[in-house]
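Q: The primary structure of each chain is shown beneath.
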Amino acid sequence: MIREFRLPDLGEGLTESELVAWRVAEGDTVELGQIIAEVETAKAMVELPSPHTGVVERLHAEPGTTVQVGETLLAFRVDDPEGDDAPPPNLVGYGAVAESGRRRRRQGAPAVDGGTTVLEQTSEPEPEPAPEPVAVVEHRTLAAPPVRMLAARLGVRLDELHGSGPHGLVTREDVERAAAGAQPTAEAAPSASPAIEADEERVPVRGVRKATADAMIRSAQVPQVTMFLPVDVTPTLELLDRLKEDRAFREVRVTFLAAVARALCLALRRHRAVNARWDGDSIVRRRAVHLGIAVATPRGLLVPVLRDAGELDLAGLADGLAALTSTARDGRTAPADLAGSTITITNVGVFGVEGGTPLLNAGEGAILAVGAVARRPWEHDGGIALRDVVTLSLTIDHRVLDGEQGALFLAEIGRLLADPARAFTA
Amino acid sequence: MSSLLAHDTGTGSPPDRGDPRTVRLLTPDGVRQTSGEYAARVADLDDAALLGLYTDMVVIRRIDQEATALQRQGELALWPPLLGQEAAQIGSARALEHDDFVFSSYREHGVAWVRGATTAELCRVWRGIAVAGWDPYRIGMATPQVIIGAQTLHATGYAIGAKYDGAASAVVSYFGDGATSEGDTSEAMVFAVTYGAPVVFFCQNNQWAISEPVGLQAPTGIAARAAGFGLPSVTVDGNDVLAVLAVTREALERARAGEGPSFIEAVTYRMGPHTTADDPTRYRTADEVEAWKAKDPVARLAAYLRGTGALTDDVDAEVAATAQRAAAALRADCTALGEPDGESIFDDVYAEPHPVLEAQRTRFLAYREGFEEER
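Same order as they appear, the protein sequences are chains A and B. Per the numbering used here, the first sequence runs over residues 9 to 434. Per the numbering used here, the second sequence runs over residues 130 to 504.
The set of hints was computed from the structure by calculation and includes no laboratory data. All clues stand as given, with none of them false.
Simulated restraints on C-beta separations:
no., chain 1, residue 1, chain 2, residue 2, range
1, B, T247, A, G348, 58 to 66 angstroms
2, B, A297, A, R180, 37 to 45 angstroms
3, A, E79, B, T441, 44 to 52 angstroms
4, A, E319, B, G357, 54 to 62 angstroms
5, B, G245, A, D87, 34 to 42 angstroms
6, A, E79, B, E419, 32 to 40 angstroms
7, A, F359, B, E481, 52 to 60 angstroms
8, B, A353, A, E79, 46 to 54 angstroms
9, A, E319, B, E382, 54 to 62 angstroms
10, A, R165, B, V319, 36 to 44 angstroms
Sample of chain B residues with no beta-carbon within 10 angstroms of chain A, all distances over it, derived:
no., residue
11, I289
12, S362
13, E388
14, A449
Cβ coordinates follow ideal geometry from the N, Cα and C atoms, glycine included.
Hey, can you work out the whole structure from these sequences and the hints?
A: Written out as structure tokens, the structure reads:
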């Protein structure tokens, strides 16, 4: 039977080749793989090995002529039990050929409910006005993979955020802010900055500075009130001095801040209402005390969180605070450790000031500021003596608490610091 | 007037630099060196083992020839011939253990053959009906990489993982002289050294990166580059199957002993075109090809084995028949390969279901449904 051999694409993407010479003549017997022709393509001169064992029946092209890929080059007479009627195969080397037996339906393909995909229009135009493709574009929140991971870790839903980045891209700061309980806000498009004077310097607001600014604006929306209490903490300082000599505290440096934290946690046991936050139409009280500590770092103000501070003893608090503050100053605090506090202490006293009016860490019911401990003439045992005095100031969310509740709580802290033996009764 | 620099002539390196540092155990005339450190590393090979190396080389050369013919006949879309590089591939692959892993380029048909790829698996990708020829985990060899040098990174990564796993396996990455100019290859070597990864960088310097002569890219030589990364390297006569086996055994031993990566430059020659779409006569001289023909890897082992009496006419005819059977199997398997269902393109992209891909599959099926038989 006859087997035709059509010219394949001998290079990569060639459409034709020139037949240079035949190496066989009609009537010749050829072996599989025997060189039958020399062909020159745009890329190379190649030898064609015979695809069959048999007799050359007919040469279809003249040397020197150009043959198109897919055109019959020659025919073989071969012994093949499969018979004559086998159609010539479409070889890989011919590339894709137009399928003649099938065509696209005019009516187009049935619509598929892929949920989020819209079927593309079929290649043939519709004679009647075609329905407009409905743009069912799934809104997928844009965010880089590490930010997605962070969001998943912090339990923040990306689809509920309005990203502050270009095209609504959710940034790391957006996620951190959302995790801190803040309402995400879309950033206004950066507007052209007005000109500045020659002696002015414009510092772009980003990172921690930006987060702090946003947090403070949210805080400023809360009706809050601050109250003050000067306390003679000499007994507490004497206690801390004695602890330094104590073998049990040899490994720990118990700071005054740790003592204040301890007093706050003890006071919370009697004033649970303070450990709470405003949540729309309800107040959410927390049993666990997650203590936020405002820390000044090279990057700016951070509030890392000491979890379950209420469960810790004085040494535990001292340890935890030391680790927390050093980690924060090194810039190594994990984002998860910057969120979830229920009440905060800010130690403005380390900078030498007597006190201040702290702004609430948004999402909390109260914040305690600790001023500098200073030797002052003070009433003591019916006379005047030089005593170590500190001013405590407490700011409360007036929606959550009344002045009375705040005052009683602050007074309880003061009593414990003025007379640490009272902790016995706590 | 002779030229000192290879690239002055616009050709590859001279066929034989006569560099005494090049490891060689079998001269082009088939004389075997039996003393020395490297000779000792292959002293265990008996006649059967030597004939095994010979058979592998003859068979893969025949398979390569048949695949080239299949491309000319329209049965394969493309084929990158390995003609001339049989010793470099068979010798190195024979040094591997079962649980070692290979990350190769696209020309390493001989390595795949030794690792256990079938004739059908060798040609599936080149027929354009599959995205991978074989199951990498069955034969311990990744799908050949077409991107130049990218597999070196995969090899280093796998080797670092093997080290962390405490596995005894070593990794070989095969690449060509051109790949040593790729950033990926540099990065792979840096990280391999940094992590002490059990990986062997096996460069088949076949003198030509398509039409670019190696002397132009690496005037100081390929192996010398490894030193800059802190990699111990060796230059071996890549047409000497015994020397290649010896240096690869040494490098794998180092890797398995926790002594880190090594670099092997196997100096060989691509006798054929870069691929079936290339015409090497346009960029290299017939003299150069003739000079390398005299160093043929198969002929040199045959000469040695005929000298020892291991290879008789009868044995050689048997080997040739084996090779012919392999070629026939390749042709039969290749032409019998069916067209894949178009839908299968979606199957192995992700290990787990992927919503976007599923949507594409749905759309594709709907598109295909949109065809009807012409009346």
